[in-house]
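Visitor: Taken in order, these protein sequences are the chains called B and Z.
For the numbering used here, count along the first sequence from 1 and bump the result up by 804.
For the numbering used here, count along the second sequence from 1 and bump the result up by 804.
Keeping only pairs whose Cα atoms sit at most 27 Å apart, straight-line, the calculated DSSO-like set for lysine-lysine is:
1. LYS955/Z <-> LYS841/B
2. LYS841/Z <-> LYS1036/B
3. LYS856/Z <-> LYS856/B
4. LYS841/B <-> LYS841/Z
5. LYS841/Z <-> LYS1036/Z
Note that these hints are calculated values from the structure, not bench results.
2 protein chains.
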Amino acid sequence: MMEPFNVRTAMRKEEHTGTTSGLCEGYIQTNMVTLPKEYAFDFLLFCMRNPKPCPLVEVMEAGQTVPQAADADIRTDLPRYRIYRDGKFAEEVLNISDVWQDDFVTFLIGCSFTFEKALLDGGIPLFHQEQKKVVPMFDTTIPLESAGIFKGNMVVSMRAVPNHLVDQALAISDRFEQSHGSPVHIGSPEEIGIKDLQSPDYGQAVDFDPAEATPVFWACGVTPQNAALQAKPSMMITHAPGHMLITDQLDPNYKNG
Amino acid sequence: MMEPFNVRTAMRKEEHTGTTSGLCEGYIQTNMVTLPKEYAFDFLLFCMRNPKPCPLVEVMEAGQTVPQAADADIRTDLPRYRIYRDGKFAEEVLNISDVWQDDFVTFLIGCSFTFEKALLDGGIPLFHQEQKKVVPMFDTTIPLESAGIFKGNMVVSMRAVPNHLVDQALAISDRFEQSHGSPVHIGSPEEIGIKDLQSPDYGQAVDFDPAEATPVFWACGVTPQNAALQAKPSMMITHAPGHMLITDQLDPNYKNG
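Please build the complete structure, drawing on both the sequences and the hints.
Guide: Pasting the structure below:
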């Protein structure tokens, strides 16, 4: 297995530009949200009020580019970024060096990729990894607590789990509180406003047999991107869905090291 | 025992202007810090990084005057307030209605008064209550994590505890994580930079026999006032030390209801 530093260096050189799912297993991966400082209080409060989709791993100071969690430059060491202007998706880029501002505040938010190795270790297959897809993510009707300009509904990631392993998946993910923890919904996508599992709002559709496997939904760190569409900050930068910051921190919750 | 609403009404009418120690026992009391929104992100981060002196009970939106924790107006329903301008203490007032601004963000921070009833219920005498004094508080040399403009050392409250009851006081206060929890120091004031227990920086000196009782120090919600002296925000309003917001929330940690 490659070390996080080496993987991030490949990203910095723009040699690796794909999803981070399955990379550096056992290391904590995080979502990234970067905002001008004028929005930072509202967003920090939004995260505190919605810890399930937005579990804070680290809040960086204005202008800070190297987090405590990783020997990384957050402007270059993720594989892909998305830039939103006035609440609209503007472009997807491989680094954000050109658009960086000294008043940018960056939030690192826990990611369900962190517990995927634990799921695998628990004997739970990950169909999106087997099918080499970005995990499918969906907008839902699950409302969030608003904070200042930020409000909206939760985004979830979906993993289909063989029926007899659903309880096991619950128990394992429940240990990872800083990475969204236990699922927010199991079973019926329509109950949380999802019409078609084959048409995800982010990521890619994954094949599974609905007679054999149950869709399980976890709160997702793409939620802030959804909230930004409504809050319309002048500028907001995030990781591209599925393309995370890989930190240098081993998750202490893994039973198999 | 009077209900919090009635006690706060007496404060609103400026009939009760003294310390809240021992009032409405069992109800959560909080420190208050109010700042213009431009400082709110730095301060929220400061609290998150220093949960022992600054355990957040509630963060209010900009301009919000009625908290969730109490059917109260935070501009009038504390007995006494302190106004700091440019990091200097300006005045102590009985309400802040005249100076209120729509961009003010208010933070409610846990207070050790909350667990005082539990200490009493555990057979631990509270000398400051017996002597009708405001609990003595001290600046220390215990450093804090900085956040933006906020930095400084911890302020502690001191209660002298009969020697054979110190362990009991530890165990009881440890249950109250949102109200500073267990002590930060026991025994030797000089080890945390306190020269004279009879000269507190805030509150009033309390008499006790050092052969019979041990000074026990808890992290104190006056800490932000100390940090403000260094950060020099243009405006900062706090409760006066010892003069708290009494909320409508019963602390679930009391064993005796």
